[in-house]
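S.K.: So the protein lines, in turn, are chains A and B.
Residue numbers for the first sequence follow our numbering, so the first one is 1 and each next one is one higher.
Residue numbers for the second sequence follow our numbering, so the first one is 1001 and each next one is one higher.
Just so you know, these hints were derived from the structure itself, not from any lab.
Treat each hint with caution, since some may be false.
As the list claims (entries may be wrong) - Only part of the chain B face toward chain A is listed, based on derived beta-carbon distances under 8 Å:
1. Met-1055
2. Gly-1068
3. Asn-1254
4. Lys-1257
5. Leu-1264
6. Ile-1265
7. Ala-1272
8. Lys-1273
9. Gln-1275
10. Ile-1278
11. Gly-1325
12. Gly-1329
Note that beta-carbon positions come from the ideal geometry of N, C-alpha and C, so glycine has one too.
Number of protein chains: 2
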Amino acid sequence: MTQTNTQVIFKSRPEGWVSEDNFDIRQSELPALEDGDVLVRNIYMSVDPYMRGRMMDRQSYVPGFQIGEVLSGGAVGQVEQSKNSKFSEGDFVTSMNLGWEQFTRVPGGAMLMPVDPSMAPLSYYLGVLGMPGMTAYVGLLDIGEPKEGETVLVSAASGAVGQIVGQIAKLKGCHVVGSAGADDKVAFITDELGFDSGFNYKTVESLGKALGEHCPKGIDVFFDNVGGAMLDAVLARINVRARLVECGMISQYNLTKPEGIHNLIAMVGNRAKMQGFIVSDHFDRLPAFIAEMSGWLRDGTVKYREDIMMGVENAPAAFVRMLKGENFGKQVVQIGDDPARA
Amino acid sequence: MTQTNTQVIFKSRPEGWVSEDNFDIRQSELPALEDGDVLVRNIYMSVDPYMRGRMMDRQSYVPGFQIGEVLSGGAVGQVEQSKNSKFSEGDFVTSMNLGWEQFTRVPGGAMLMPVDPSMAPLSYYLGVLGMPGMTAYVGLLDIGEPKEGETVLVSAASGAVGQIVGQIAKLKGCHVVGSAGADDKVAFITDELGFDSGFNYKTVESLGKALGEHCPKGIDVFFDNVGGAMLDAVLARINVRARLVECGMISQYNLTKPEGIHNLIAMVGNRAKMQGFIVSDHFDRLPAFIAEMSGWLRDGTVKYREDIMMGVENAPAAFVRMLKGENFGKQVVQIGDDPARA
């Protein structure tokens, strides 16, 4: 019996809300390897908000997805075959350039990094020990620069990045407030993760009133994952020298015309700083991040929640539900057996 | 004959556009001095955009104007009487806390600084050698951090701050573009001040198209005096690691609801920084500013244009025309005789 490769194909560019109709599932043969190549059996793949941007036909900091081709992204897997002396069959590896597919051929083994399954569950390398965790770490510490006693607000607070941001801010002695889109998520960040308070942005009477109640001393650092109306409400309540860390604006990614932000004038009088960032600009901080974060995980200081969906054919559904905020914790798709967890 | 004091009184808070009806003119007696006080005869007073914010009933970085009281602001004058050993009759002085009036009593001589009429015309201490010049200097150099060869765009480019920003940016080897609201202002910044190019934002087909033509390599530094639609158009054309220096948003000050900004998403992918600032936070830079700027003025490297209106009773009209952009160069009101110019 020949092993086939189930792949998710980018079928059409979404206009407005992305849907499963924008994707196709295809069965292919396993690719043949050339000298230096590595074939990775993907075990977990990540769906991330930034991928929505790659579905647009425009220049950006990551190349766009091409119609008719397999989508790519971060995954963790195991070396299935190797024609590269640096990698052996059975090695656990990760990369940002694996695929929405069961098997990915990696030419020259480029950008593959080994991972240690004894340090943490493999899927954690897509989250708390991977790109989202690093995003939280450098975004909060290097751009937000939180100081003891300051109020730190994080949106999408139970998500892949938000849950880590809030816990690091607590470690730095801040008053930490989170917003999320469901009551059980709010309970999770306060009861399980130790945020000082949180609110459900979908059910509060108004965002401004909620921010007034939960951030009575104003907002010093806003770690922004959502943009839109939340950002506007935050601007009306920032403190002098506030830092707005612009990690993402997920509320805007599926709109054909973005919402208007009306309160930017608050930036001037408050001498506030708003700064966008891309985690890949900060790889010099990777060793510090890995050292600190693995320590925090080991001793239980930092907790981490995932939402794992089964089957590569469900990757489009997982991607859409993540953009809609229906996931609870970091959204991951399990593609194949995990021998480290079994 | 007793000398009287013509004063401008804040009569009512403007809703939307400020008008001369929001002010009253009053004749008062000269104030009596107590020990330590100084009476200043104001010669030139400044009208500045930030004063519009002081007319609102809200907390801010400067105290609001109170209804029924004399307005205050920056002025240059001459000591008329002194009960303070640090000041003598005839001394030329300046302060940010003088008044919209012919004579101001300065309790204890607080915040009065001597000025040297042999170094520059007295009115220059309200502009190129004063708060607007210092604003241009620290905003561009310390926050904008322009590098040789970068494109610097400045809005309100012929105004008090804008004309200085553009000239300093040229000194730093940048490609400098200005926007202004009249063809003669555009001719002034390019022909007289040496900007590389400029455009009339009121008559271009679209702001986006104009920015594309005048900033073909994108925008690295935006020195923003206006906010609103120009800021939105700029965001659509910023380069990676662009710096947006938020000095003011004059286009919004007389709106009851500010315009919406739709392109903030560009901040994320471009890792851009937007930063508000207040010149009074940067007084540590005053000696460097005075030394450099007075040198540039002396050798003709930096040019400077003023728009002087006569008579303290015309201060409200000068303020309104400045907010409407009808001035050409830094708007100043001459209140009394200038013995240094005569």
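S.K.: Work down the list of hints and note, for each, if the structure agrees.
M.R.: Evaluation of the provided hints:
1. Met-1055: 14 Å, violated
2. Gly-1068: 25 Å, violated
3. Asn-1254: 12 Å, violated
4. Lys-1257: 7 Å, holds
5. Leu-1264: Interface hint status for Leu-1264 (chain B): holds (6 Å vs cutoff 8 Å).
6. Ile-1265: Ile-1265 (chain B) check passes; min Cβ-Cβ to chain A is 5 Å, inside 8 Å.
7. Ala-1272: 5 Å, holds
8. Lys-1273: With a minimum Cβ separation of about 5 Å from chain A (threshold 8 Å), the hint on Lys-1273 (chain B) holds.
9. Gln-1275: 5 Å, holds
10. Ile-1278: 6 Å, holds
11. Gly-1325: Interface hint status for Gly-1325 (chain B): violated (18 Å vs cutoff 8 Å).
12. Gly-1329: 23 Å, violated
Consistency note: the structure conflicts with the earlier hints numbered 1, 2, 3, 11, 12.
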